[in-house]
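Novice: If you read the protein sequences in the order shown, they are chains D and U. With positions in the first sequence counted from 1, the corresponding number in our numbering is that position plus 15. With positions in the second sequence counted from 1, the corresponding number in our numbering is that position plus 15.
Every beta carbon over 12 Å from chain D, so not counted as near; a handful from chain U, in silico:
hint, residue
1, Ile27
2, Glu53
3, Gly63
4, Ala85
5, Val88
6, Lys222
7, Ala279
8, Leu284
9, Ala331
10, Pro347
11, Gly348
12, Arg379
13, Ile381
The calculated label-pair distances, taken between Cβ atoms and stated as ranges, are:
hint, chain 1, residue 1, chain 2, residue 2, range
14, U, Asp378, D, Asn332, 44 to 52 Å
15, D, Val152, U, Asp133, 53 to 61 Å
16, D, Pro302, U, Ser24, 52 to 60 Å
Hints are computed from structural coordinates only; laboratory data are not their basis. Remember, it's a predicted structure, so these values are computed and weren't measured experimentally. We put the CB at the ideal spot given by N, CA and C, even for glycine.
Number of protein chains: 2
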Amino acid sequence: MSARHFLNSDLIGRLGGRGLLATPALVVDLRAFERNVEAMQAHCERAGLKLRAHAKTHKSVTIARRQIAAGAVGVCCAKLGEAETLAEGEIEGLLVTSPVVTRHGFARIAKLNGQLADFMIVADSAVCVDGYAGAGVASGKRLKVLVDVDIGLHRTGIRPGAPALELAQRIVASPHLQFMGLQGYAGQLQHVPEFTDRRTQSLAALKLLGETRDLLMANGIACPIVSGGGTGTYSIDAEAQVFTELQAGSYIFMDKQYCEVKIANAAPLPFECALFVQTTVISANMPGLVTTDAGLKSFATEAGSPVIHSGAPEGANYFFFGDEQGGIMGAPGMKLGDVVACTAPHCDPTVNLYDVYHVVDGDRLIEIWPIEGRGRSA
Amino acid sequence: MSARHFLNSDLIGRLGGRGLLATPALVVDLRAFERNVEAMQAHCERAGLKLRAHAKTHKSVTIARRQIAAGAVGVCCAKLGEAETLAEGEIEGLLVTSPVVTRHGFARIAKLNGQLADFMIVADSAVCVDGYAGAGVASGKRLKVLVDVDIGLHRTGIRPGAPALELAQRIVASPHLQFMGLQGYAGQLQHVPEFTDRRTQSLAALKLLGETRDLLMANGIACPIVSGGGTGTYSIDAEAQVFTELQAGSYIFMDKQYCEVKIANAAPLPFECALFVQTTVISANMPGLVTTDAGLKSFATEAGSPVIHSGAPEGANYFFFGDEQGGIMGAPGMKLGDVVACTAPHCDPTVNLYDVYHVVDGDRLIEIWPIEGRGRSA
Chain D
16 MSARHFLNSD
26 LIGRLGGRGL
36 LATPALVVDL
46 RAFERNVEAM
56 QAHCERAGLK
66 LRAHAKTHKS
76 VTIARRQIAA
86 GAVGVCCAKL
96 GEAETLAEGE
106 IEGLLVTSPV
116 VTRHGFARIA
126 KLNGQLADFM
136 IVADSAVCVD
146 GYAGAGVASG
156 KRLKVLVDVD
166 IGLHRTGIRP
176 GAPALELAQR
186 IVASPHLQFM
196 GLQGYAGQLQ
206 HVPEFTDRRT
216 QSLAALKLLG
226 ETRDLLMANG
236 IACPIVSGGG
246 TGTYSIDAEA
256 QVFTELQAGS
266 YIFMDKQYCE
276 VKIANAAPLP
286 FECALFVQTT
296 VISANMPGLV
306 TTDAGLKSFA
316 TEAGSPVIHS
326 GAPEGANYFF
336 FGDEQGGIMG
346 APGMKLGDVV
356 ACTAPHCDPT
366 VNLYDVYHVV
376 DGDRLIEIWP
386 IEGRGRSA
Chain U
16 MSARHFLNSD
26 LIGRLGGRGL
36 LATPALVVDL
46 RAFERNVEAM
56 QAHCERAGLK
66 LRAHAKTHKS
76 VTIARRQIAA
86 GAVGVCCAKL
96 GEAETLAEGE
106 IEGLLVTSPV
116 VTRHGFARIA
126 KLNGQLADFM
136 IVADSAVCVD
146 GYAGAGVASG
156 KRLKVLVDVD
166 IGLHRTGIRP
176 GAPALELAQR
186 IVASPHLQFM
196 GLQGYAGQLQ
206 HVPEFTDRRT
216 QSLAALKLLG
226 ETRDLLMANG
236 IACPIVSGGG
246 TGTYSIDAEA
256 QVFTELQAGS
266 YIFMDKQYCE
276 VKIANAAPLP
286 FECALFVQTT
296 VISANMPGLV
306 TTDAGLKSFA
316 TEAGSPVIHS
326 GAPEGANYFF
336 FGDEQGGIMG
346 APGMKLGDVV
356 ACTAPHCDPT
366 VNLYDVYHVV
376 DGDRLIEIWP
386 IEGRGRSA
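Required output: the full structure, derived from the provided sequences and hints.
Specialist: Laid out in structure tokens, this is it:
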């Protein structure tokens with residue numbers, strides 16, 4: 016399709032191919048990625064949880080297939096655009112984790128519900144529920160809906176307890192909808208650095224979700240699904256005994272932020288950095304400074320500077336040097352053409368900048384996986 | 016191609032269509048954009064400068080065509096991928112403003128040079144020059160090269176004076192290259208808020224470029240092109256009498272950062288905000304807070320929060336609420352489905368997140384322009 020992709024795909028299978036990529040390039044360490052997929056699946060199985068991994072991290076049909084092949088019951092999508100992309104890739108078990116309130120959105124939901132056997136979406140208002148009922152009518156079959164419960168993030172979700180019950184009753188009352196249970200996501204707690212703090216706060220948040228589930232059950236409404244959780248709280252999410260399934264996403268790649276999160280005994284999360292932005296030194300005229308080809312357009316920037324993983328001396332620091340370039344300070348001896356791999360500050364929005372993953376095993380380029388859902392935020 | 020685009024393109028020509036867009040959507044105010052294109056072209060003509068507008072801002076064949084139709088001599092590209100995209104769109108007058116040092120890059124340059132009548136690229140090292148000479152050989156015709164001079168940004172560019180002269184001589188000595196002149200970009204000065212400071216510092220930086228041009232001329236090397244400048248220094252760039260052509264890019268759209276830049280008498284830059292991210296309220300369960308569908312994946316974030324342009328009460332504030340959502344505080348009365356337009360904090364990397372521009376005239380959706388160069392940072 017483009018000269019860039021043509022050039023990079025020419026390198027597939029070649030030892031040393033990774034070092035020759037046109038850059039900036041998004042690189043996945045295949046073995047680390049596979050170990051992450053297996054580790055989270057094994058954790059869920061030990062804990063008696065299902066895994067519905069969040070595809071907003073990777074936006075990739077190939078990766079969704081691999082997660083499902085490893086045992087996941089499906090994947091979550093943040094937006095309808097992502098769900099449409101994965102549906103085109105014949106991925107089943109899709110749950111859209113954000114509420115939709117527009118007429119156009121309801122029409123798209125009807126199409127997805129008609130197309131897929133087990134499409135699900137969350138609601139956090141009567142506007143959602145009434146629109147979803149219309150989508151159920153339009154698709155000719157019941158639409159499966161979870162109530163999104165706000166357990167402290169205050170971003171989406173209805174208040175726990177009576178308001179959630181009332182919304183669930185509205186869903187149950189519709190002949191065009193099928194009530195499937197609850198969603199609760201404590202996004203505010205995923206990066207709390209100290210494990211005991213994160214555990215205490217998470218268990219308190221999940222208690223609200225459990226009490227809401229119990230309230231529904233006391234009112235005759237079963238919750239076959241309670242979905243939520245994330246990479247930062249994955250072990251606590253299991254301990255709380257509230258969820259039936261985990262929505263973790265970032266564990267497949269990790270990033271600077273998640274690498275700073277600790278679990279019990281100050282150990283790091285048991286997932287490896289598997290995602291890198293590879294960049295090349297293109298200018299080296301200033302003593303103590305070299306300039307690379309990856310800047311503000313090649314990383315999500317809200318979580319600070321990239322961390323150099325390989326290709327530069329110990330102690331070297333990467334900084335954003337405008338839209339198109341990066342700078343490396345404290346790197347004596349670096350020269351034009353040197354190749355550097357950086358860990359992204361934040362994986363999900365960094366992935367969203369690229370069209371493809373370059374999948375490597377050591378220095379060999381193995382495959383190129385398209386990121387079909389890139390930019391599908393609408 | 017996708018359901019999202021299909022839905023939005025269905026709205027073309029419809030009054031009120033803008034308000035119905037699937038969001039987040041990137042929106043261009045056509046009349047403001049056209050006035051910006053005309054204003055910068057008129058400025059250049061008054062100043063006796065050519066305009067080679069920087070396409071790294073827009074990455075769009077349609078916009079490059081409009082700039083050239085208005086009088087620009089061509090457009091600049093930050094990366095080879097952008098140049099390849101615009102070359103496919105038959106845009107002439109391309110100048111690549113970043114040095115290239117890789118073997119793969121030289122092969123791509125050879126292809127562009129063979130394909131285009133007047134392709135140009137900058138060099139700031141002997142590695143570039145020698146590689147470019149090889150590309151000239153491979154393309155069967157001389158490759159046009161400018162020396163990139165570092166006038167204080169220290170990002171790319173060779174030092175002014177003797178080092179620049181030596182590099183120019185290396186280009187002149189190659190039978191496969193054609194020396195075209197100099198480039199100098201004072202990126203560090205574009206956003207200096209106080210006009211007199213910006214003017215003093217810019218004139219000092221451009222003096223280095225003028226002296227280097229004079230040194231080359233004294234050594235028998237003519238500089239038919241001296242290219243550089245930007246939106247923040249556009250009037251000073253003319254005053255300095257060093258440039259033959261201006262590389263401004265952001266003037267077509269403006270953004271939060273450039274709207275804070277002042278010219279003489281504390282007046283704003285004479286360009287209008289013409290680019291917006293449109294978003295929809297999707298959740299409203301908390302008093303004093305609503306949640307929208309545009310978060311970290313829908314804006315470049317390194318320049319702070321988006322500024323609300325329309326759709327929310329005076330005094331409302333937009334904040335990033337994770338990857339997929341935004342929040343608006345201080346907006347009593349806002350409700351589900353409300354549509355808000357925000358000015359991007361930084362236009363270029365925000366554009367790089369979207370596949371299309373939704374071009375509006377008031378409330379009517381007029382056209383959808385593809386962003387062919389989105390993500391082409393390699």
